[in-house]
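K.L.:
Each chain, letter by letter, is given below.
Protein chains: 2
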Amino acid sequence: MPSPAVEYARQNHPRFLHELKALLRIPSVSTLPEHKGDCHFAAEVLAADLSKIGMENVRLIETGEDRGGGHPLVYADWLHAAGKPTVLVYGHYDVQPPDPLDEWISPPFEPEERNGNLYARGAVDDKGQVIAQVKALESLLAATGKLPLNVRVLFEGEEEVGGEGIASYVATKPADLKADFALICDTELFAPGLPTLCVGIRGMIYTELEVRGAKTDLHSGMYGGAAPNPFFALAQILAKLKDEDGHILIPGFYDDVVAPSEEELAAWRSLPFDEEHYRLTEVGSKELVGEKGYSVLERTWARPTLEVHGIAGGFIGAGAKTVIPAKATAKISMRLVPDMTPAHAFAQYKSFVEKIVPPGVDVEVRLIHSGDACLIPVDNPYIRAATLALKEVWGKETVFIRSGGSIPIVGDFDRQLGLPSVMMGFGLPDDNLHAPNEKFNLKNFELGIQSLIRFLEEAGG
Amino acid sequence: MPSPAVEYARQNHPRFLHELKALLRIPSVSTLPEHKGDCHFAAEVLAADLSKIGMENVRLIETGEDRGGGHPLVYADWLHAAGKPTVLVYGHYDVQPPDPLDEWISPPFEPEERNGNLYARGAVDDKGQVIAQVKALESLLAATGKLPLNVRVLFEGEEEVGGEGIASYVATKPADLKADFALICDTELFAPGLPTLCVGIRGMIYTELEVRGAKTDLHSGMYGGAAPNPFFALAQILAKLKDEDGHILIPGFYDDVVAPSEEELAAWRSLPFDEEHYRLTEVGSKELVGEKGYSVLERTWARPTLEVHGIAGGFIGAGAKTVIPAKATAKISMRLVPDMTPAHAFAQYKSFVEKIVPPGVDVEVRLIHSGDACLIPVDNPYIRAATLALKEVWGKETVFIRSGGSIPIVGDFDRQLGLPSVMMGFGLPDDNLHAPNEKFNLKNFELGIQSLIRFLEEAGG
Chain A
22 MPSPAVEYAR QNHPRFLHEL KALLRIPSVS TLPEHKGDCH FAAEVLAADL SKIGMENVRL
82 IETGEDRGGG HPLVYADWLH AAGKPTVLVY GHYDVQPPDP LDEWISPPFE PEERNGNLYA
142 RGAVDDKGQV IAQVKALESL LAATGKLPLN VRVLFEGEEE VGGEGIASYV ATKPADLKAD
202 FALICDTELF APGLPTLCVG IRGMIYTELE VRGAKTDLHS GMYGGAAPNP FFALAQILAK
262 LKDEDGHILI PGFYDDVVAP SEEELAAWRS LPFDEEHYRL TEVGSKELVG EKGYSVLERT
322 WARPTLEVHG IAGGFIGAGA KTVIPAKATA KISMRLVPDM TPAHAFAQYK SFVEKIVPPG
382 VDVEVRLIHS GDACLIPVDN PYIRAATLAL KEVWGKETVF IRSGGSIPIV GDFDRQLGLP
442 SVMMGFGLPD DNLHAPNEKF NLKNFELGIQ SLIRFLEEAG G
Chain B
22 MPSPAVEYAR QNHPRFLHEL KALLRIPSVS TLPEHKGDCH FAAEVLAADL SKIGMENVRL
82 IETGEDRGGG HPLVYADWLH AAGKPTVLVY GHYDVQPPDP LDEWISPPFE PEERNGNLYA
142 RGAVDDKGQV IAQVKALESL LAATGKLPLN VRVLFEGEEE VGGEGIASYV ATKPADLKAD
202 FALICDTELF APGLPTLCVG IRGMIYTELE VRGAKTDLHS GMYGGAAPNP FFALAQILAK
262 LKDEDGHILI PGFYDDVVAP SEEELAAWRS LPFDEEHYRL TEVGSKELVG EKGYSVLERT
322 WARPTLEVHG IAGGFIGAGA KTVIPAKATA KISMRLVPDM TPAHAFAQYK SFVEKIVPPG
382 VDVEVRLIHS GDACLIPVDN PYIRAATLAL KEVWGKETVF IRSGGSIPIV GDFDRQLGLP
442 SVMMGFGLPD DNLHAPNEKF NLKNFELGIQ SLIRFLEEAG G
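For the record, the sequence lines run as chains A and B.
So the mapping is simple: my numbering equals the position in the first sequence, first residue as 1, plus 21.
So the mapping is simple: my numbering equals the position in the second sequence, first residue as 1, plus 21.
Be careful, since some hints might not be right.
No distinction is drawn between identical chains; accordingly, a pair holds when it is met within one copy or between any pair of copies.
As the list claims (entries may be wrong) - In silico DSS-like pairs for lysine-lysine, Cα to Cα no more than 30 Å straight-line:
#, residue 1, residue 2
1, Lys412, Lys236
2, Lys313, Lys42
3, Lys236, Lys42
4, Lys307, Lys376
5, Lys236, Lys313
It is worth saying that the hints were derived from the structure and are not from the lab.
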């Protein structure tokens, strides 16, 4: 007999999609101060919906008073399944900035259906998956009058800026986060139609490297040849941080890296993955780069990386300005893998940069945020419940993968609350996360809701 | 007997200053398309004033029809001094962009007097010196009813963006530019109170270097370790273009460099210049940089340099965005010295960059504009007239210097029209050209007008 909740979800799907679109229209860009109100509004919309579907104790938890106010957490629970386990359901309602705007085919905050996909900033990361969770809960409550296990919901609005608020809150080990496991819906399928659980994520440190030369911007004709140029100093530093093969040159940086087991590597080799197809369809560069001797999956899942995201300073307008800027600032992040720690990696990086400062400039190295890498053991009943549910909905065995991205809360749930996480997500590799034309496959949204319903049913026994 | 024109200038100085301020309020930033109207308005204001003081054949000469319209030239003449030489008076009414705006003490387009200086974008470069020339002509015409020699005026509005319009016009060798020498008022005194003629300028090539990797911006977690990062590729290229001592590594780049004569070097050594004072008061960095074995004056006047002015791409907003950008573009210029040529230098640079492209990226090297280096022979009657006039007004012997900056029109006047240039200017080394808080010393504005009056009188015999 099919699950009445799955049946309810099928019948109500057009409305679910409508509600997702409404949430996507709110530009809840957490990193931009001008969107603070939008973030709060997105949180209120989710809280209202959680109340409406029958969740209890719904409230916003304000965060970040010490830093001038963050974006609120959304909490809700339903705790009437005596003797059943408790799941902590996690997602985030904040999104990345949409720039460069001119590369979007339809505007980032006006969701549009095209070719079986829904296009919008946050479509898959993570509003689509947040709504999938809420609608799974609604389907269970509406179709059966109850939930098959105890549920606590905790959505955050700072995932894209380091998750400081939720980390602080979790660190206080509040009673209302007491649970047996966490469900995290912020990942993707390895390939279309292939049910996937993510069991490893990279950690990260996000930094700013500021280089200062002259006391003010100078004319490059008058002073070129005598005044230090912070852009050049920055280029010289960057060129010493990583070689052309992508190998990081910071002394000791790889010391704590633990290689995947032979068994895990063998499983990765059996995944349906073709590097040339990946290069052509996802990256589009003339060749792939990275450390020699490692496959793309090893390089992106199990090796640390160092990337530059932007360089501010000087003049980048149309035409010509002949300035030697007083300072230049690079945004630089490093992805970390087990057993590297953010604190140690940042100390190694900072110390090395300070050693290789070129003549004439000063540097300041700032840590903006960080998160731990995490590996999830696969031998627990929740992972088993997930594979059962996924097989039923998708008709295939689940593959276990890692992600190159960072979901710091997974590490916090593990270390602070002792919760194993089930990372079940329904994005696709070409969904343009953090890039123009982000999308969510409409079929995956629908099957994602069904998967979540069946998972919660299986996890409740 | 003092010159009646000098006396007139003294009496009318408050009004001259008022007129300069009016011109400074027009934000004629030539490189920014949104200020095209302002550039045109500045040209009209100058044309109207030239008419009012008695100059003839005043007109705007439109330029750049082939590139969608440039900023106009302002022409005027007075040709009634039979048997006397003809001077071509040059200056420019366009200015550099004012950013970074937050470092200006008073707004860049609201001129303000402080500490004996007038602060505004363009105060000294070059509106203050343009007005000094116009007011010298007015003083002569008003006090004596005539000019002591034949005068043609040619002001441009594209000096800060490469001077394409005036270069094209001069290249047609129009009859109305027939003259015996040029007066260029766009330079500075070597030190306060020290009359100075500039007899050498560096040339330049201004370029853009675009580096392209993936087809779209990518998530640095998902793709870090496989996708090329254009910022890194750019850093690697830059680090190979110039070493930490400022020596340019482009093969053959120094082949055509002609060293200054021993006599010129000796004269430079006798100038009142202290490198430590210069470092502290003008540059303000913790040390000066540049090629070993050359003094600061040699490095900034007689050696080529390579500078980065800005790097566009990725994310430079507040906070964190984890993007590997599809492309990054650096604005890079090189200053050239005799006998280097822009065409040859650009070819060497482009060819070298294309040889050192790191894996995974493509590059495009674009020439934005260029100008020739120029050395002026000092043994001509106009230079002698200038030193006489300057000695009378400033009470000191004139020093001959070079400038590290580029005034491409000097080379064009020489090669196209056969005119030697007298580069007489009244800025000071700490005037913050192209930087926040640009200023013009008020005393220098006043003595500059008097110097120009006396120079025109001496040049007319």
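K.L.:
Please go over all the hints and tell whether each is borne out by the structure.
P.N.:
Taking the hints in turn, this is what the structure says about them:
no. : hint            : in the structure
1   : Lys412 - Lys236 : neither (64 Å within a copy, 35 Å between copies)
2   : Lys313 - Lys42  : neither (43 Å within a copy, 63 Å between copies)
3   : Lys236 - Lys42  : between (50 Å within a copy, 27 Å between copies)
4   : Lys307 - Lys376 : between (35 Å within a copy, 16 Å between copies)
5   : Lys236 - Lys313 : between (43 Å within a copy, 23 Å between copies)
Checked against the numbered hints above, the structure violates hints 1, 2; every other hint is satisfied.
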